[in-house]
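Number of protein chains: 2
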Amino acid sequence: MTELIGELSESDILRRILARTPEATAAVVGPGDDAAVLALRGDLVATTDTLVHGPDFRLAWSSGFDLGYKAAAVNLADIAAMGARPTALLVALAIPASLPVTMVEEMADGLAAACAQLAPGCAVVGGDLTVSATLTIAVTALGDLEGRGPVLRSGAMPGDTVAIAGAQGVATRGLSTLFRRFTDDAGVPITLDLDVLTESERREVRAQLRPEPPIALGVAAAQAGASAMMDVSDGLVLDARRMARASGVTIDINSQAFDNAAAALEGGEDHSLLATFSGPLPQGFRAIGRVLDPGAEAVTVDEARYDLPGGWDPYRDWDAQAG
Amino acid sequence: MTELIGELSESDILRRILARTPEATAAVVGPGDDAAVLALRGDLVATTDTLVHGPDFRLAWSSGFDLGYKAAAVNLADIAAMGARPTALLVALAIPASLPVTMVEEMADGLAAACAQLAPGCAVVGGDLTVSATLTIAVTALGDLEGRGPVLRSGAMPGDTVAIAGAQGVATRGLSTLFRRFTDDAGVPITLDLDVLTESERREVRAQLRPEPPIALGVAAAQAGASAMMDVSDGLVLDARRMARASGVTIDINSQAFDNAAAALEGGEDHSLLATFSGPLPQGFRAIGRVLDPGAEAVTVDEARYDLPGGWDPYRDWDAQAG
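The listed protein sequences correspond, in order, to chains A and B.
In case it helps, UniProt numbering puts the first sequence at residues 1 to 323.
In case it helps, UniProt numbering puts the second sequence at residues 1 to 323.
Read the hints as simulated data drawn from the structure, not as lab findings.
C-beta atoms are modelled at their ideal positions from N, C-alpha and C, and glycine is treated no differently.
Hints may be right or wrong, so weigh each one.
Unchecked claim - Looking from chain A toward chain B, a few residues come up when the C-beta cut is under 10 Å (computed):
| # | residue |
| --- | --- |
| 1 | 35 |
| 2 | 44 |
| 3 | 48 |
| 4 | 49 |
| 5 | 51 |
| 6 | 75 |
| 7 | 78 |
| 8 | 82 |
| 9 | 87 |
| 10 | 134 |
| 11 | 142 |
| 12 | 149 |
| 13 | 200 |
| 14 | 229 |
| 15 | 246 |
Stated by the list, open to error - These stretches of chain B come out as covered by chain A in the derived footprint (C-beta under 8 Å, 3 or more residues):
| # | region |
| --- | --- |
| 16 | 40-46 |
| 17 | 84-97 |
| 18 | 115-127 |
All chains should be modelled from the sequences, with the hints used to inform the complete structure.
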């Protein structure tokens, strides 16, 4: 018989989750007390990002492992984008009582796998569990600047090279495939079947459900003297506009830098790292444009005005149907 | 006309919230970049706790201000319980699109007020906003040990005095009043009307909806050499059992230390600080028992076995009806 969340106590479930969680390198005190304690070498970086069933994911498409992996990855990307090394995650799970316990165990495995693959040494150091009608995974990620200053959005200077690390525009194609192939006539998500997809479709869907941002390249960019950096979460042009406005410059993007420029310019959820450099690019970054003196447009593409949205507001643009 | 959450973009709402949020003393970089940056003097303490509509609060009883205040207070208490000074909060809000924007502004005011009153210098440094069918407030609190070691649950030694700071058993009486007086025949919450209550009932209901834990006394206890400390969140006997088991001792509680022993022994949600001291108690703590050599029971009351639960599992014991 399937064991359900509502049949166990909070401490039972937390015990099951923590048994699947390795220890964080920086942890002085791990889970089990009122709070975790971490020893850091430099200033602390902290961010929080939440996945909610409906707006952010559909259980018809994402496994528990996918959800844990993605919840970790999107938060690790924000730490990397400051030039910091991720050290720890805190995870607040609000879960329906009707959910199988194995689903939560898979989430724990996904969180642990994302840390191990993307940010070795980082691990879950604390958590909270509540019952909710709506499955919600709120992750806080913490990072260590290790004595460096943070790399902000506001430091791009005219003359800098604009560069990107990681996939760009792949996850957004995966999302299109999910909506096109795995919804019913009313637009409600139906169960994902990877076997009916081509190899490249499968790769794109996986990038959407389980993104693998280039976390280690955040520290590498900082060490190489990046003047500005952010992660591309909502769309390349839209996020580049935010960087350009914060820096008081214009950013020109060269569409030839991408195989599929349309997807790359509008795509966000790969959580690639967008950075600017006055000197040579560190390994893993490739040039996609340059920083210009401030002009009428915050972002131009091939030196021309770009009239599409440049990304999306996940808050506004995705409906909240179940599935 | 009432402006609803669903009518604004995420960035519009975040801008409104941040306008109501003071700057954290420790913040090097505040909200607006990929992540916040904090300068700490010692090791970092981190914890997360979530309020979910249904299991944790009812909109019939709690105002937006109450929710913000309580979400901050319960997290600050976990930081204080380690002997640390709270420095920053990160807030992940998942909110129904149908909620009035003013409700979210009131939450921001409640978060700010709790920081100002309970932990001056601490403030919200980051957040995330998502649409959800279920109103959920996930807060992560960060604290600074300022060069001290953490005060764990596991350090209580036979011979130590058991002491408490803050109200104990008041919030639980408030919750009883809410269920007794402000539910309909089917048990569904109805709108709270403070005017029909006696003065002491009002005080108890307020303690439940807007607890005021003695946050500053966490650092005071650490400085006075507390051997163990935790916040009482689920029930005095239940939480004392956790401390006794972690420390390998028996804790004896003197019921005469309380006016209303029944409520004090079972009550949790005041988030009082339970600590043990080998020397004199710091101001603000009062003796409620002593630490004994380990015996058959982890906790005794008046040196006798205590057979009630000693608290509750908020995860298991509260139903999730709307209201």
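Going through the hints against the structure:
no., hint, in the structure
1, 35, "holds (4 Å)"
2, 44, "holds (5 Å)"
3, 48, "holds (4 Å)"
4, 49, "holds (5 Å)"
5, 51, "holds (8 Å)"
6, 75, "holds (9 Å)"
7, 78, "holds (4 Å)"
8, 82, "holds (5 Å)"
9, 87, "holds (9 Å)"
10, 134, "holds (4 Å)"
11, 142, "holds (6 Å)"
12, 149, "holds (9 Å)"
13, 200, "violated (30 Å)"
14, 229, "holds (8 Å)"
15, 246, "holds (8 Å)"
16, 40-46, "holds (count 5)"
17, 84-97, "holds (count 7)"
18, 115-127, "holds (count 3)"
Checked against the numbered hints listed earlier, the structure breaks hint 13 alone; every other hint is satisfied.
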